[in-house]
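Assemble the complex: chain A is given as a structure, and chain B must be docked to it using the hints.
There are 2 protein chains.
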Amino acid sequence: MSYEVGINYFSTMKIPFEELKAEFLRVLLKQNFEPQKAEQCAAIFAENSRDGVYTHGLNRFPTFVDYIKQGLIDSYAQPTLEKTFGLIEQWNGNLAPGMLNARFCTERAVALAKEHGMGCVAIRNTNHWMRGGTYGWQAAEAGCIGIHFTNTIALVPPWGGIDPRLGNNPLVIAVPRAEGHIVLDMAMSQYSMGKLMQYQGNNEELPLPGGYDEAGELSTDPGAIIRSKRLLPVGFWKGSGLALMLDLLVTILSQGKSTARITESTVESGVGQVFICIKDPDKETTSRLTEQILEFTKTSRPDTEGGIIAYPGENTLRTRIRNLKEGIPVREDIWNKVRAM
Amino acid sequence: MSYEVGINYFSTMKIPFEELKAEFLRVLLKQNFEPQKAEQCAAIFAENSRDGVYTHGLNRFPTFVDYIKQGLIDSYAQPTLEKTFGLIEQWNGNLAPGMLNARFCTERAVALAKEHGMGCVAIRNTNHWMRGGTYGWQAAEAGCIGIHFTNTIALVPPWGGIDPRLGNNPLVIAVPRAEGHIVLDMAMSQYSMGKLMQYQGNNEELPLPGGYDEAGELSTDPGAIIRSKRLLPVGFWKGSGLALMLDLLVTILSQGKSTARITESTVESGVGQVFICIKDPDKETTSRLTEQILEFTKTSRPDTEGGIIAYPGENTLRTRIRNLKEGIPVREDIWNKVRAM
Numbered sequence: 010m011s012y013e014v015g016i017n018y019f020s021t022m023k024i025p026f027e028e029l030k031a032e033f034l035r036v037l038l039k040q041n042f043e044p045q046k047a048e049q050c051a052a053i054f055a056e057n058s059r060d061g062v063y064t065h066g067l068n069r070f071p072t073f074v075d076y077i078k079q080g081l082i083d084s085y086a087q088p089t090l091e092k093t094f095g096l097i098e099q100w101n102g103n104l105a106p107g108m109l110n111a112r113f114c115t116e117r118a119v120a121l122a123k124e125h126g127m128g129c130v131a132i133r134n135t136n137h138w139m140r141g142g143t144y145g146w147q148a149a150e151a152g153c154i155g156i157h158f159t160n161t162i163a164l165v166p167p168w169g170g171i172d173p174r175l176g177n178n179p180l181v182i183a184v185p186r187a188e189g190h191i192v193l194d195m196a197m198s199q200y201s202m203g204k205l206m207q208y209q210g211n212n213e214e215l216p217l218p219g220g221y222d223e224a225g226e227l228s229t230d231p232g233a234i235i236r237s238k239r240l241l242p243v244g245f246w247k248g249s250g251l252a253l254m255l256d257l258l259v260t261i262l263s264q265g266k267s268t269a270r271i272t273e274s275t276v277e278s279g280v281g282q283v284f285i286c287i288k289d290p291d292k293e294t295t296s297r298l299t300e301q302i303l304e305f306t307k308t309s310r311p312d313t314e315g316g317i318i319a320y321p322g323e324n325t326l327r328t329r330i331r332n333l334k335e336g337i338p339v340r341e342d343i344w345n346k347v348r349a350m
Numbered sequence: 010m011s012y013e014v015g016i017n018y019f020s021t022m023k024i025p026f027e028e029l030k031a032e033f034l035r036v037l038l039k040q041n042f043e044p045q046k047a048e049q050c051a052a053i054f055a056e057n058s059r060d061g062v063y064t065h066g067l068n069r070f071p072t073f074v075d076y077i078k079q080g081l082i083d084s085y086a087q088p089t090l091e092k093t094f095g096l097i098e099q100w101n102g103n104l105a106p107g108m109l110n111a112r113f114c115t116e117r118a119v120a121l122a123k124e125h126g127m128g129c130v131a132i133r134n135t136n137h138w139m140r141g142g143t144y145g146w147q148a149a150e151a152g153c154i155g156i157h158f159t160n161t162i163a164l165v166p167p168w169g170g171i172d173p174r175l176g177n178n179p180l181v182i183a184v185p186r187a188e189g190h191i192v193l194d195m196a197m198s199q200y201s202m203g204k205l206m207q208y209q210g211n212n213e214e215l216p217l218p219g220g221y222d223e224a225g226e227l228s229t230d231p232g233a234i235i236r237s238k239r240l241l242p243v244g245f246w247k248g249s250g251l252a253l254m255l256d257l258l259v260t261i262l263s264q265g266k267s268t269a270r271i272t273e274s275t276v277e278s279g280v281g282q283v284f285i286c287i288k289d290p291d292k293e294t295t296s297r298l299t300e301q302i303l304e305f306t307k308t309s310r311p312d313t314e315g316g317i318i319a320y321p322g323e324n325t326l327r328t329r330i331r332n333l334k335e336g337i338p339v340r341e342d343i344w345n346k347v348r349a350m
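Line order of the protein sequences matches chains A and B.
The first sequence runs 10 to 350 under the working numbering.
The second sequence runs 10 to 350 under the working numbering.
If you are wondering where the hints come from, they were derived from the structure by calculation, not from laboratory data.
Keep in mind that the hints are not guaranteed to be accurate.
Remember, identical chains collapse to one label, so a pair may be satisfied in a single copy or spanning two.
Straight line, CA to CA, 25 Å or less: simulated SDA-like cross-link-like pairs of lysine to any residue [what the hints assert, rightly or not]: (1) 307 / 171; (2) 123 / 216; (3) 238 / 301; (4) 307 / 162; (5) 238 / 317.
Isolated chain A (complex conformation) (with noise of 0.2 Å):
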C-alpha cells in the first residue's frame, strides 16, 4: 500500500542523518532563523528523507529557501489565534514556515484531544507542509488518532473537465501503533507532478495509467501527462469528488484561501489545513483490535511470488531503519548546491 520511487536517475550518493541536518541547520541560520526554528525545520526536512519522502526532503529544501528570499515564507512570523467556535480553534499562520504551523496545530489538537476526546484545528494563510505524513507520525507519537489534510494550488482537473482547477489536497490518517504507527498520506492525483517528473527523467513508463494524454486516452507516458496536464484523480471520479470535498472543509473551518484563489498567483503560498486529533479510547483494547486487522489483511495470498502485503506507514518504517544504517541516499548535485548555500 506504499509506493516508492528511486532517485537513480541524477548520480546519488549516500549522507548520515546528522550531517543532512546540520547541513540543512547551518544553511538556515544563515538566512537568520530563530535557533530552535532551524532546529525543528531542518529536522523535518531530514526526516522526511530519512523516511525515504526525498520529494519533500533534501530535494525540496532549495525551493524552501528560495521561497523564504522571496519573501513568500516569512520565518520569524507565529501562528496567531483568530476565533473559536465551540472545541475549534481556526488559527492565522501568518505566512511562517507551513511545516512549523502544521507542527503547532498538531499538538493543539492533540492537547484539545487529551482535554476532550477530540479537537479540530484550521489554519489558514499558512504554506506547505511538506510530507503531510510528519503530523501524522506527531499525532499517533502523542497516542492520537489523526486526520489532517491541506488545499494546495489547482493541479488536476477535475472530473469531466480537462483543465486543472482542483489540488491534490493531500490527506493523512494515523492511527498510534506501538509496533509502528500506521500512517496513510496520500494525495488525491494519482501520481504528484513530481513523480511524473521523476519518471519521465528516467525515461520510465508509469506502472499504472496516472493520467491523459493529449488525446484523451488513459496513459502510462509520464511526458504526454505532464504535457496535457490531465492529472488523473485517485479512483477517477471519486478522487476528484475527495479533493473537492477537501477543499471545501479546509476552506470553510480555515476561512482562508481556497485553490481558486490559491491558484490566482502562480506560486503556492498562503494554503489553508485541518487537523482533527481524536484521543485513543483506550490503548489496550486498540492495539488487540489493530493486529486483528493487520493479521486479517495480510492473510491475502501476494498478487506476485514473495510479495508482501503492507500497511500504510509498514514500508517507511523499514526505509528509515535502512537509511538510518546505511545513510540516506541524496542527489549529488542537490546535495553540492545545498552545501554551498
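For chain B alone, coordinates are given in the frame of chain A:
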C-alpha cells in the same frame, strides 16, 4: 463527479414516490414494525430510489425484509449508550435496523456539534445503513458538515494481494448549501459488486477499469472481475490504504467488529460506523466560499462537447427532481415481488 448506471436490463416502469413509500410501509407493518420505525425505514428506502440510488432503495428492500425474518436485524431494538470519551459517544446498535441507528447517530452528532462545535458518535453492532449519503444529507440539512464512514464485509483485496480482505467501507462527506447540499458518498472499490452485476446483466463493458481478470490484467469486463473477486480499490494502492484506515477508525472508536470479524460469518451483520459532525462556523461566509470553489471548478473546459462538471450531489438533486416529477423507475420484477410480500 457522480456516476449513474441505468437500470434498464430488466423491464422497468415508473411509480410515484408516495406509492413506493406506502408499499414499503405496508410490508414493514406486516413484519410487526412499530409504526414510527416503519414510517422512517419506508421513507429512507423510497428516498434512496427517488435519488437514483436504486441499488439501496427498492432493489435492496427484499433483502432487508429477509434479514428481518432471519433475525439478523431486530426491528424492536434500540441503540444504547455504552461509554463516552470526552465528546465522543460510543453506542451499541443492538442489531437494530442500520438506517434507524445511523439516523439516530447523525442526530446525536449534530446535537453535540451544535453544543461544542463538533461531535463524534461511534456505533458498533449495527447493520447496513443502505445509502451512506442519506446521513450526509441529514447532517447538511441540520446545518452541519458531516464526515461519516462504515466498515463492511471483506469485498476488495488489499493492494498487492488477490484475496478480498478489505471492506469497501463507504465514506460520506457533506457540506450544507442553500442551493443544494454537496454530498460525496464513495465506496473504496471503484465499482460496487452491485454495479458490476448490473453491467454484466446489461452485457456492457465498464467505462473504466474496475478490477483484475483471472490473468491478473486490469479489466473492463465485469464478469471477469466478478470471477476473480479482484475488485479494484479506488486509486490502486491509495484506496486500499484508505479502506484499511477507515476500518481501523471504525473498529477502534466503536470497539466493535472489524472487517476481519464481520467476514467470519458469510452474511454481513454487526458492522460499525462513525459519525463526525462539525457545525457550520458562519453560514454567510461558508456560502460565499462554497460558491467561489464551485464556480472555479466549473470553469474547467469539459472533456466532451456539451459535458458538465458536476459537484458531488448535483446529479442526485437533478435525478430527485426528475423522479419526483416523472415517477421513480423501478424494476418490474422487484416491484411485483414487494407488492406480493
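Now for the hints, and whether the structure bears them out:
1. In this assembly of identical chains, the alpha carbons of residue 307 and residue 171 lie at most 25 Å apart only when taken from different copies (11 Å versus 39 Å within one copy).
2. Taking identical chains as interchangeable, the C-alpha atoms of residue 123 and residue 216 are never at most 25 Å apart, the minima being 43 Å within one chain and 47 Å between chains.
3. Taking CA atoms no more than 25 Å apart as the test, residue 238 paired with residue 301 passes between copies only; the shortest distance there is 23 Å, against 42 Å inside one copy.
4. When the C-alpha separation of residue 307 and residue 162 is checked against a cutoff of 25 Å, the pair qualifies only between copies, where the shortest distance is 16 Å, while the shortest distance within a copy is 37 Å.
5. In the homo-oligomer, the alpha carbons of residue 238 and residue 317 lie at most 25 Å apart only across protomers (19 Å), although the nearest pairing inside one protomer, at 33 Å, exceeds that limit.
Taken one by one, the earlier hints fail for this structure only at number 2.
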